[in-house]
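**Q** Residue-level listing of the chains:
2 protein chains.
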Amino acid sequence: MAKEKRVEQITDMEVDFAQWYTDICRKAELVEYASVKGFTILRPYGYAIWENMQRIMDAEFKKTGHENVAMPVLIPESLLKKEGELVNGFAPEVAWVTQGGSEELEERLAFRPTSETMFCDHWSRVLHSYRELPMLYNQWCSVIRWEKTTRPFLRSREFWWQEGHTIHETAEEAQAETEQQLNCYADFFENVLAIPVVRGRKTDKEKFAGAEATYTVECLMKDHKALQGATSHYFGDKFSRAYDVTFTGRDNSWGSTTRMIGAVIMAHGDNSGLVLPPRIAPIQVVVVPVAMHKEGVLDKARELEAALKAAGVRVTLDDSDNSLGWKCAQYEMKGVPLRVELGPRDIENGVCVAVRRDSGEKTTVPLAELTQRVPELLDAVQKGLYEKAKLNLEEHIFAAHSIEEARALQEEHGGFIKTMWCGELACETAMKEQAGMSSRCLPFEQEQLDTVCACCGKPAKQMIYWGVAY
Amino acid sequence: MAKEKRVEQITDMEVDFAQWYTDICRKAELVEYASVKGFTILRPYGYAIWENMQRIMDAEFKKTGHENVAMPVLIPESLLKKEGELVNGFAPEVAWVTQGGSEELEERLAFRPTSETMFCDHWSRVLHSYRELPMLYNQWCSVIRWEKTTRPFLRSREFWWQEGHTIHETAEEAQAETEQQLNCYADFFENVLAIPVVRGRKTDKEKFAGAEATYTVECLMKDHKALQGATSHYFGDKFSRAYDVTFTGRDNSWGSTTRMIGAVIMAHGDNSGLVLPPRIAPIQVVVVPVAMHKEGVLDKARELEAALKAAGVRVTLDDSDNSLGWKCAQYEMKGVPLRVELGPRDIENGVCVAVRRDSGEKTTVPLAELTQRVPELLDAVQKGLYEKAKLNLEEHIFAAHSIEEARALQEEHGGFIKTMWCGELACETAMKEQAGMSSRCLPFEQEQLDTVCACCGKPAKQMIYWGVAY
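Respectively, the protein sequence lines represent chains A and B. Plus 164 on top of the position in the first sequence (first one is 1) and you've got the working numbering. Plus 164 on top of the position in the second sequence (first one is 1) and you've got the working numbering.
None of these hints come from the bench; they were simulated from the model. Since we're looking at a predicted model, the values are computed, not measured. Any given hint might turn out to be false.
Identical copies look the same in the list; a pair holds intra-copy or inter-copy alike.
[Unchecked claim] Dumping the calculated SDA-like pairs for lysine to any residue here, alpha-carbon to alpha-carbon at most 25 Å:
id	residue 1	residue 2
1	Lys201	Gly248
2	Lys464	Gly253
3	Lys473	Ala223
4	Lys246	Ser266
5	Lys596	Arg537
Using the sequences and the hints, build the whole thing.
**A** Listed below in structure tokens is the structure:
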């Protein structure tokens with residue numbers, strides 16, 4: 165028999181949120197550090213979450229006519245440099261290949277930090293006529309950005325992502341695509357990750373290098389810091405001009421990354437560990453037998469597992485020799501949405517006990533109703549997580565009318581601070597310097613909080629959201 | 165209206181097989197060359213074939229308990245060098261990252277040519293006990309090998325693959341895994357790609373750098389050259405010793421690549437273009453309306469498309485203004501397994517005409533039976549391709565009893581030449597130098613062709629297959 169395993173402990177989020185986060189990443193076996201500085205390994209459980217995210221997003225992309233492709237991972241320096249703003253934005257973070265086998269390369273090659281240049285170069289070679297438009301492409305791959313400080317999922321030198329790249333005949337079509345994909349991300353965050361978002365446009369200061377406009381979905385973590393969820397960029401005709409596409413198309417790109425796993429941890433996790441929305445959980449239900457060695461218990465537990473599997477639930481049975489306490493703690497750490505306990509007395513009574521990870525709520529479920537009730541309970545967890553996160557967001561949006569007030573609100577409550585803004589970079593810089601907040605977005609849903617800019621007192625153009633961001 | 169498009173022409177395979185191959189790669193829109201020498205782009209149609217292959221293989225891997233992970237793409241030189249044979253095997257082909265952002269790296273980093281080193285290093289950090297074994301991991305990614313000459317799918321500097329890596333407690337378990345995965349590949353080739361294979365073991369000369377044993381599935385192309393389909397390696401305890409795993413585990417790795425798309429082209433293609441096995445075809449059926457602008461034709465064609473889609477068939481309707489001739493040629497080039505033609509007279513008679521891509525055979529199908537008959541016809545194409553490829557294989561295996569005879573048979577017929585072999589490297593080298601053939605494998609199904617080695621006349625140990633390989 166295995167010796168009693170120690171229940172893993174993590175730091176409380178109220179004590180040290182950053183350490184709590186790292187503890188979950190490690191103890192839930194999502195990632196491990198690699199022997200290369202700043203790089204991480206996605207372990208099976210972390211990767212399975214990413215696979216579920218990929219599967220759902222990929223199907224959505226395909227519904228709207230997008231096709232997957234694979235572009236080379238290395239980009240010649242001269243090609244990368246054709247669009248000046250892009251390369252200026254990424255140059256300090258590029259990893260360079262300078263040797264191939266024994267040969268010193270004549271021109272160094274960039275490990276892609278993003279692939280706009282490759283897509284445009286490809287289009288310049290294969291496109292002959294407007295009739296072939298639009299081209300709606302997507303790529304799942306990893307990219308490298310040589311960050312100085314790194315944190316699992318949130319900022320690492322290599323990360324996994326999808327990058328959509330499309331080219332259209334007219335500006336209107338291209339902008340419609342940018343918007344469609346932003347909404348696709350927003351729906352994914354809200355309906356799948358159970359994280360409510362604020363949709364809006366980035367300021368010129370915060371937009372993507374080379375983009376004419378960047379749109380974003382912004383979300384709020386449990387420590388009331390902001391996190392940029394995913395972005396969609398409109399480039400106008402800049403790239404197709406720079407890369408000599410034979411006519412002037414309008415390009416977009418849009419991307420989302422493994423950072424979304426970080427968002428899930430910080431939006432839903434608690435002091436017992438990870439809490440996963442059922443729709444992306446690798447294990448949705450764990451069956452834990454109580455007094456497992458009593459006659460009939462394990463057989464009945466296997467029956468439940470098989471019935472749930474047949475009903476399309478991602479279920480696992482833990483029939484290991486570990487203690488009941490260890491098992492409960494372990495699956496809580498891993499964020500499994502529902503634990504089904506089954507002991508000799510339950511069997512006598514023809515029931516089992518379902519325990520929700522999000523609320524701890526216990527429900528006695530007649531065995532005959534299990535395959536109907538479990539999906540309902542999973543839906544309830546999915547909705548419960550969203551509602552809780554929505555409350556956290558709504559309770560942490562504060563209106564301010566001066567930098568000083570904004571600073572004080574941020575210090576006291578965190579969250580998003582909304583103010584009116586004149587549109588000037590100087591005011592954005594002032595907010596950063598005096599209140600420590602960057603602009604998060606110009607929300608699509610505007611409000612008239614005031615007539616003047618909170619920073620300079622000149623006439624205001626729009627409402628803007630500020631925050632301390634990951 | 166679009167002007168009449170020119171039907172794309174390709175070189176006949178009998179005239180120039182290599183050019184025929186390249187023509188298909190380009191004209192069927194599978195790949196395009198990138199602006200980086202030796203690198204290719206997988207275009208949507210090529211990538212969709214790869215996605216189908218991935219989906220089917222991934223499900224098989226998971227059935228036997230394998231889990232996906234993601235390892236860093238860059239490997240420190242010192243880590244790569246820990247297992248001497250491996251690095252000696254790959255060093256001449258490694259692409260090196262020497263700069264990260266503005267910083268010159270202290271130690272250069274290899275773009276992974278394969279990831280044994282990363283997996284073993286990871287295990288040395290996370291494994292504490294035999295009890296945690298086996299670990300059954302797989303990774304889908306791209307790798308770089310700095311080849312001098314390249315050809316789409318067959319040999320390119322970057323290619324896409326899966327690499328399985330497993331660690332076990334005992335040599336027996338590890339060897340069982342190597343064998344299981346080789347059989348998994350063999351089944352995939354035969355049942356999905358419709359390509360019959362010869363299973364066997366590689367000689368020491370041809371085995372993977374650092375492996376104790378390499379197993380392979382070998383197949384035969386239409387030009388009667390051999391192609392190594394996929395390989396499975398047993399490492400014994402070499403890696404776990406080299407990488408300081410806290411106890412001595414036994415490792416395996418096994419891999420298959422986008423080269424399989426090249427195998428499909430050369431195993432099934434013809435002078436009209438690509439021929440795809442239905443199980444991996446992105447489009448299984450194309451519905452082509454005849455006299456499309458006659459009343460009712462397009463409506464009926466849309467009805468057929470919807471009915472087939474509902475029946476789970478990957479179907480598309482071409483309602484473009486291109487001519488019927490162009491459409492037929494285009495979908496033949498793209499290897500679509502079944503074309504369904506439907507004109508006004510067919511509609512009157514309540515039928516349509518199904519044309520098989522593999523044989524050109526036409527079948528008149530009552531519309532009421534379409535959703536039942538199409539899957540049957542697709543099965544027939546799948547089987548037909550396999551049978552044809554099997555005949556090609558069986559008719560191109562020749563027994564020889566001397567190097568001279570082997571050379572003559574290869575020159576006249578191509579294919580696999582089987583001989584007895586003493587097991588000595590000198591004889592393998594002699595066959596290469598005098599008959600231009602490398603050893604392909606020592607087949608699991610052995611025959612006693614002779615008592616002595618065909619090369620040196622000394623007592624023979626085993627039967628061996630020779631061939632000219634891609």
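**Q** Next, verify each hint and record whether it holds.
**A** Structure-based check of each hint:
When the C-alpha separation of Lys201 and Gly248 is checked against a cutoff of 25 Å, the pair qualifies only between copies, where the shortest distance is 23 Å, while the shortest distance within a copy is 30 Å. Proximity of Lys464 to Gly253 under the C-alpha cut-off of 25 Å is found in neither arrangement, the shortest distances being 60 Å within a copy and 54 Å between copies. With identical chains, the CA atoms of Lys473 and Ala223 are at most 25 Å apart both within one copy (23 Å) and between copies (16 Å). Proximity of Lys246 and Ser266 under a CA criterion of 25 Å is satisfied inter-copy only: 20 Å between copies versus 29 Å inside one chain copy.
In this assembly of identical chains, the alpha carbons of Lys596 and Arg537 never lie at most 25 Å apart, being 50 Å within a copy and 68 Å across copies at closest.
This entry does not satisfy hints 2 and 5, going by the numbered hints stated previously.
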